[in-house]
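Enquirer: Here is how the chains run, residue by residue.
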Amino acid sequence: MPTATSRSTRSSRTVSRPASCSRSASAPTAASSATIPTAATSTSPKSSVATFNGTNFLKRVDGGAFEATDESGQALFGKAGTIVGSSLEGSNTDIADEFTKLIVTQQAYSANTKVITTSNTMVQDLLNVLR
Amino acid sequence: MGLSQALSTAMSGLRATQASLALVSSNVANAETPGYVQQDRQSRSPA
Numbered sequence: 001m002p003t004a005t006s007r008s009t010r011s012s013r014t015v016s017r018p019a020s021c022s023r024s025a026s027a028p029t030a031a032s033s034a035t036i037p038t039a040a041t042s043t044s045p046k047s048s049v050a051t052f053n054g055t056n057f058l059k060r061v062d063g064g065a066f067e068a069t070d071e072s073g074q075a076l077f078g079k080a081g082t083i084v085g086s087s088l089e090g091s092n093t094d095i096a097d098e099f100t101k102l103i104v105t106q107q108a109y110s111a112n113t114k115v116i117t118t119s120n121t122m123v124q125d126l127l128n129v130l131r
Numbered sequence: 132m133g134l135s136q137a138l139s140t141a142m143s144g145l146r147a148t149q150a151s152l153a154l155v156s157s158n159v160a161n162a163e164t165p166g167y168v169q170q171d172r173q174s175r176s177p178a
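In the order they appear, the protein sequences are chains R and Y. Heads up, the first sequence is in the numbering used here, so the first residue is 1 and it goes up one at a time. Heads up, the second sequence is in the numbering used here, so the first residue is 132 and it goes up one at a time.
No lab work stands behind these hints, which were simulated from the structure alone. All clues stand as given, with none of them false.
For each label pair, taking beta carbons as the anchor points, the in silico distance ranges come out as:
1) 70/R - 157/Y: 46 to 54 angstroms
2) 86/R - 137/Y: 41 to 49 angstroms
3) 43/R - 159/Y: 41 to 49 angstroms
4) 130/R - 156/Y: 41 to 49 angstroms
No residue lacks a Cβ here, since even glycine has one placed at the ideal position from N, Cα and C.
One chain only, chain R, in its complex shape (with noise of 0.2 angstroms):
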């Protein structure tokens, strides 16, 4: 029984074996190599940066996408930069956006002020209670 555990635990891509030995070593190389097959035939998506000799040529259509013509010519590979993640090209700041979030935030200052305004005059009353 210890050999066959040693067995397994090496050569934990090639055979999955039956779960002879309830051992929790035995669950994830079970579960690993459940995963392996379905990985490799899975084909993940990939985005690549293409190039055309005849820009202007290419054909607008919707989407903002852009479809290649008998002028601009086949789409070229690797001569293009490459693509950068999680960076911008422009900052994305929304101007109107941030003005309609400053006039909520006036709104609310001046609710503030007016509490504290309304709470000095109350206090203002209180001290003239006694005369």
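Take the given structure of chain R and dock chain Y to it, following the hints.
Expert: Structure of chain Y alone, referenced to chain R:
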């Protein structure tokens, strides 16, 4: 609600408003900065 509690609440609201104003001004000032990611504010109740 007591007077001091009302004052404290108003001061806390003013502080939150001030933080929001700083955020809005930072967003507007960096509206033309390349690569600037717009910051957002989430207000939540204290625990």
